[in-house]
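This is what each chain is made of:
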Amino acid sequence: MFLELLRIELFKIFKRPRTFIAFGAIAMIILLVQFALMVNGKDFIQLFTGDQADTFEIPSDKILNGYFICVTVLHMILLHVPLLVALIAGDMISGEANLGTLRLLVGKPVTRTQLIMAKFSASTAYVLLLLAWMALFALLGSILLFGREDLVVFKENDMHIIKNTDVLWRFFAAFVFAALALTAIGAMALMFSTFAENSLGPIVATVCVVIVFTIVQQLKVPVFEETINPWSFTTHMLGWKGFFYVEKTAEGTTINGSIENPAALVRSGLILIGYIVLFLLISARYFKRKDILS
Amino acid sequence: MSAIIQVNHLTKDFKEIKAVDDLSFTVNEGQVYGFLGQNGAGKSTTIRMLLTLIEPTAGDIEIFGLQLRKHRKEILRQIGAIIEKPDLYKYLTAYENIRIFSRLSGVKVSDAKINEQLAMVGLADRTKSKVKTYSQGMKQRLGLACALIQDPRLIILDEPTNGLDPQGIADMRNMIIHLSKDLGKTLLVSSHLLSEIEMVADSMLIINKGRKVVEGKVSELLNPSQSVVELIAVDNAAALEFLQHSEWSSALKPVTNGTIKLEFDKVRIPELNKQLVERGIAVMSLRPLHSLEDYFLSQTKV
Chain A
1 MFLELLRIEL
11 FKIFKRPRTF
21 IAFGAIAMII
31 LLVQFALMVN
41 GKDFIQLFTG
51 DQADTFEIPS
61 DKILNGYFIC
71 VTVLHMILLH
81 VPLLVALIAG
91 DMISGEANLG
101 TLRLLVGKPV
111 TRTQLIMAKF
121 SASTAYVLLL
131 LAWMALFALL
141 GSILLFGRED
151 LVVFKENDMH
161 IIKNTDVLWR
171 FFAAFVFAAL
181 ALTAIGAMAL
191 MFSTFAENSL
201 GPIVATVCVV
211 IVFTIVQQLK
221 VPVFEETINP
231 WSFTTHMLGW
241 KGFFYVEKTA
251 EGTTINGSIE
261 NPAALVRSGL
271 ILIGYIVLFL
281 LISARYFKRK
291 DILS
Chain B
1 MSAIIQVNHL
11 TKDFKEIKAV
21 DDLSFTVNEG
31 QVYGFLGQNG
41 AGKSTTIRML
51 LTLIEPTAGD
61 IEIFGLQLRK
71 HRKEILRQIG
81 AIIEKPDLYK
91 YLTAYENIRI
101 FSRLSGVKVS
111 DAKINEQLAM
121 VGLADRTKSK
131 VKTYSQGMKQ
141 RLGLACALIQ
151 DPRLIILDEP
161 TNGLDPQGIA
171 DMRNMIIHLS
181 KDLGKTLLVS
191 SHLLSEIEMV
201 ADSMLIINKG
211 RKVVEGKVSE
221 LLNPSQSVVE
231 LIAVDNAAAL
241 EFLQHSEWSS
251 ALKPVTNGTI
261 KLEFDKVRIP
271 ELNKQLVERG
281 IAVMSLRPLH
291 SLEDYFLSQT
301 KV
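These protein sequence lines are chains A and B, in that order.
Quick note: the first sequence, position 176, residue 176 per this note's numbering, numbers continuous.
Quick note: the second sequence, position 179, residue 179 per this note's numbering, numbers continuous.
Do not take every clue at face value.
[As the list claims (entries may be wrong)] Covered stretches of chain A (chain B as the covering partner; in silico rule of three or more C-beta atoms under 8 Å from a C-beta of chain B): (1) 28-37; (2) 105-111; (3) 152-160.
[Said to hold, decoys possible] In silico BS3-like links for lysine-lysine, alpha-carbon gap of 27 Å or less: (4) LYS15/A <-> LYS132/B; (5) LYS15/B <-> LYS15/A; (6) LYS70/B <-> LYS288/A; (7) LYS90/B <-> LYS15/A; (8) LYS290/A <-> LYS70/B; (9) LYS253/B <-> LYS266/B; (10) LYS209/B <-> LYS253/B; (11) LYS288/A <-> LYS73/B; (12) LYS62/A <-> LYS241/A; (13) LYS18/B <-> LYS288/A; (14) LYS90/B <-> LYS290/A; (15) LYS212/B <-> LYS253/B; (16) LYS288/A <-> LYS130/B; (17) LYS288/A <-> LYS85/B; (18) LYS15/B <-> LYS290/A; (19) LYS85/B <-> LYS18/B; (20) LYS212/B <-> LYS15/A; (21) LYS18/B <-> LYS290/A; (22) LYS155/A <-> LYS15/A; (23) LYS113/B <-> LYS15/A; (24) LYS290/A <-> LYS209/B; (25) LYS73/B <-> LYS113/B; (26) LYS130/B <-> LYS15/A; (27) LYS290/A <-> LYS85/B; (28) LYS217/B <-> LYS266/B; (29) LYS73/B <-> LYS290/A; (30) LYS15/A <-> LYS108/B.
[Claimed, not checked] Some chain B residues well away from chain A (every beta-carbon gap over 12 Å; in silico): (31) SER105; (32) ILE114; (33) MET120; (34) ASN174; (35) HIS178; (36) ASP182; (37) LEU193; (38) ASP235; (39) GLU241; (40) LYS253.
In short, the hints are calculated from the structure, not lab data.
Owing to the predicted nature of the structure, the values given are computational and were not obtained by experimental measurement.
Think of the CB as a built atom: it goes at the ideal place given N, C-alpha and C, for glycine as much as any other residue.
The shape of chain B in the complex, shown without the other chains:
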């Protein structure tokens, strides 16, 4: 599997602020690579450097095995991107927008291809409508159509689900899976919606304050056997008293805001439930928390 993106010791300073700090990572061909971090972590700055919108202070970037600095045009011709929200020309129609962006990419596409692309993102019946009449979800889909029109090898999506309703989020997720699995594209997807990344990404990188926190395969980074389990009992104090003086005490995590959390193999959830009930502690809820969410917060905790 060849490296599509190779970032080495990338740094970006904005006066006294270090937005990206000695960041290195690799995205391999065919991967959906999740790029995670809280707001302001440096994700967008990194993506802007990949797209030459921002000049790095230090470090270098190779894409498709070529130095970005030296082969900018050649590389950008093969990249489709949405950077944060897809702001398009509001006074133009979807068709006109997509035609402009295809020509800017150096590709002359036929009307049929443009209509096909718009149909793929579900905008076939609104091709002649001005973008100012579109909803946020429609703009996002049109942005994706514009990014894909030149059939890029690499697709970079910066917070692609921002501002979308649940249906829009599901559509975007399905589109990412389709692009990866069916069309074999390489995708770099940044998000702070961890559940989204977990559902689509093969590998991921978590950054915090511009620095790499962890990088690896999603399946390896998340230990599937150890889960954080949240317990809500009718009498939380009694439940806590029991847990502190039982075999579960080593699994207990610090109690925050009155919420009881334990970390253990989730197959033992029925066993814990049984023990609580046997001691007369009525259980309202006993569920494993979203593993990646918990993992992410533990890694990026200030």
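Pulled out of the complex, with its shape left as it was, chain A reads as follows:
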């Protein structure tokens, strides 16, 4: 029955025109970034290299390759994708309540926990498809347009150079990690959705939570750095960047296949999984006892 429910949920998601807004928006943003970097890529790289350009000759043409463009796109876009995930996941239960179909669903011989799990799984499938779509445009598209070279990643005043042959697995891992982060956002939006009778509230609530915690994180003041930030999911959502920070030898040469801080990545992953489980438990518990009055 669960698989049947999941199939129904996916069918409903992909029959709604609003679902494709996110796919269209992502494609458009990526194409715009690619176009901008094609025209003004050198200026963009100078933003990172700054004074170093006066001392060294920066090979902008080589830095500006498909991999670099993809990392740039991910930096720009992954912070905003939660809004697109909230648009779908925040509508899962409250949208049905608003439409009046929730009472028909709950009056059928399926358990409410099954319903919640099916809706969560469907929103996760949507997240995965969204990321696959993003990978198609950002990675494949950028490689086709800009070619492949070693990847240069700028980190504050440091620079990591990753060999061409050592890059693809990192993108794969980063997308998997991003999927985990976005699934946590989806689970939170779904939780808000069980509390509400219309879609707007859960979507706005999800976006607000993400904005508030992002601001708290960016303030970088000790009071938050020591208390909220280590546990805030917005901190760990950006964990995917860790796959592009590599270990270096004493001579400053990057080590192939290495990650600078794997323990932090594992911790972030576990915290995100913890949030997903927590949000799902709250959703299931609340929804199980909820009187369907819509």
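On the provided structure of chain A, position chain B as indicated by the hints.
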């Protein structure tokens, strides 16, 4: 005749409001059971408890001889329901809606069966149209098709004629009669349109403020010999003067808004008419009021 629904001391509190108060009733197999009450009387809350949408505060429900709490899935598999207006997925077609609801009921039905069901409710030519293009009547019929697709033993219709035009109301009434008489289904039909219930139901329950007012067979609850008769004369004052000082005085009901009403055996209507005319009181109308309507109002009067 076995009991299909057995409700015992059902109660539902919403904070300080008692929506359903110690309600008990029985629906037997093959019956069309009318569930009557004014808006806010507790009909929909009761129906939602029968469909497990709302958790009762107290009391228990048995359906098909099984405890609803313990055998929820098994019971719901055999129930088809429309709860208030049939809100369906507007962005899907009738065919897609009916397929979804059949699968949710754990039944895989063939395309032919879906088309047959849609034809039965008169939507054969609109199966591929999106529901957002449907009229209220068409949505109601599609809701009924969705409720019937898994061939349920028990059909629960909550205000099924709400928002329908006269033709739609007649179609729904005929459908209820067809389901009962031809297919032997048990139906629980809630309504505040008393005339509709009277035309289709065998038994009925009237509730008011969540409490049972009366339950029984429609034919027994309505005394066919005693009717409330409304009189409209050219000179109502003269008619009233005559009635107050005649053998009809005991039949007179309190005059409200200038309307004269009497309660007596309706076979005596010609006799009353004759007496009025003989006294020079021209009669414009002398007709028995809808008996159930009057009965209902007398029972639920605040």
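The hints, checked one at a time:
Note: the region 28-37 of chain A has 0 residues with beta-carbon separation from chain B under 8 Å; the three-residue rule is not met and the coverage is violated. Under the rule that three or more residues need a Cβ within less than 8 Å of chain B, the assignment of the region 105-111 of chain A holds, with 7 such residues. Using a Cβ-Cβ cut-off of 8 Å, 0 residues of the region 152-160 of chain A lie near chain B, which falls short of the minimum of three, so the contact claim is violated. For the proposed pair LYS15/A and LYS132/B, the alpha carbon gap of about 14 Å is at most 27 Å, so the pair holds.
With a C-alpha separation of about 39 Å, the suggested pair LYS15/B and LYS15/A falls outside the 27 Å cut-off, and the hint is violated. Straight-line distance between C-alpha atoms of LYS70/B and LYS288/A comes to about 15 Å, which keeps the hinted pair within the 27 Å bound. Distance hint between LYS90/B and LYS15/A is fulfilled; the C-alpha atoms sit about 11 Å from each other, no more than 27 Å. Restraint check for LYS290/A and LYS70/B: satisfied, since their Cα atoms lie roughly 18 Å apart, inside the 27 Å limit.
For the hint pairing LYS253/B with LYS266/B, the CA-to-CA distance comes to about 15 Å; that is within 27 Å, so the pair holds. Distance check on the hinted pair: LYS209/B and LYS253/B sit about 26 Å apart at the alpha-carbon level, within 27 Å; holds. Straight-line distance between C-alpha atoms of LYS288/A and LYS73/B comes to about 15 Å, which keeps the hinted pair within the 27 Å bound. For the hint linking LYS62/A to LYS241/A, the alpha-carbon distance of about 21 Å falls within 27 Å, and the restraint holds.
As the CA atoms of LYS18/B and LYS288/A are separated by approximately 22 Å, the hinted pair is consistent with the 27 Å bound. Simply put, LYS90/B and LYS290/A have alpha-carbon atoms about 25 Å apart, close enough for the 27 Å limit, and the pair holds. Distance check on the hinted pair: LYS212/B and LYS253/B sit about 26 Å apart at the alpha-carbon level, within 27 Å; holds. For the proposed pair LYS288/A and LYS130/B, the alpha carbon gap of about 32 Å is over 27 Å, so the pair is violated.
Restraint check for LYS288/A and LYS85/B: the C-alpha separation of about 24 Å stays at or below 27 Å, so the hint holds. Taking the CA atoms of LYS15/B and LYS290/A, the gap is about 14 Å. The hint holds against a cut of 27 Å. A distance of roughly 24 Å separates the Cα atoms of LYS85/B and LYS18/B; the hinted pair therefore holds under the 27 Å criterion. For the suggested pair LYS212/B and LYS15/A, the alpha carbons sit about 45 Å apart, so the restraint of at most 27 Å is broken.
A threshold of 27 Å between alpha carbons decides the hint, and for LYS18/B with LYS290/A the separation of about 18 Å falls inside it, so the pair holds. Under the criterion of a C-alpha separation no larger than 27 Å, the hint pairing LYS155/A with LYS15/A is inconsistent with the structure, at around 42 Å. With a CA separation close to 23 Å, the supplied pair LYS113/B and LYS15/A stays within the 27 Å bound. Taken as a hint, the LYS290/A and LYS209/B pair is honoured in the structure, with Cα atoms around 23 Å apart against an allowance of 27 Å.
Of the pairs offered as hints, the one joining LYS73/B and LYS113/B holds, with about 23 Å between alpha carbons and a cut-off of 27 Å not exceeded. For the hint linking LYS130/B to LYS15/A, the alpha-carbon distance of about 11 Å falls within 27 Å, and the restraint holds. With a C-alpha separation of about 21 Å, the suggested pair LYS290/A and LYS85/B falls inside the 27 Å cut-off, and the hint holds. Simply put, LYS217/B and LYS266/B have alpha-carbon atoms about 21 Å apart, close enough for the 27 Å limit, and the pair holds.
For a cut-off of 27 Å, the pair hint linking LYS73/B to LYS290/A stands: about 18 Å separates their Cα positions. Pair hint LYS15/A plus LYS108/B holds up; C-alpha atoms about 21 Å apart against a cutoff of 27 Å. Its closest Cβ contact with chain A, about 6 Å, brings SER105/B to no more than 12 Å, contrary to its assignment away from the interface. No beta-carbon of chain A is positioned within 12 Å of the beta-carbon of ILE114/B; the least distance is around 15 Å.
With 12 Å as the threshold on Cβ separation, the claim that MET120/B sits away from chain A holds: the shortest Cβ distance comes to roughly 19 Å. Once the 12 Å rule is applied to beta carbons, ASN174/B is consistent with being away from chain A; the minimum gap is 24 Å. The beta carbon of HIS178/B is kept farther than 12 Å from every beta carbon of chain A, the shortest such distance being approximately 23 Å. Here ASP182/B stays apart from chain A, with its beta-carbon at least about 25 Å from theirs, past the 12 Å limit.
With a closest Cβ-Cβ approach of about 21 Å to chain A, LEU193/B is found to remain outside the 12 Å limit, as its non-interface label requires. Chain A leaves ASP235/B outside its interface by the beta-carbon criterion, the shortest separation being 53 Å against a cut-off of 12 Å. In this structure GLU241/B is separated from chain A by more than 12 Å, as the shortest Cβ-Cβ distance comes to about 54 Å. Separation of LYS253/B from chain A is adequate, the least Cβ-Cβ distance of about 40 Å exceeding the 12 Å criterion.
Comparing the model with each earlier hint shows violations of hints 1, 3, 5, 16, 20, 22, 31; every other hint is respected.
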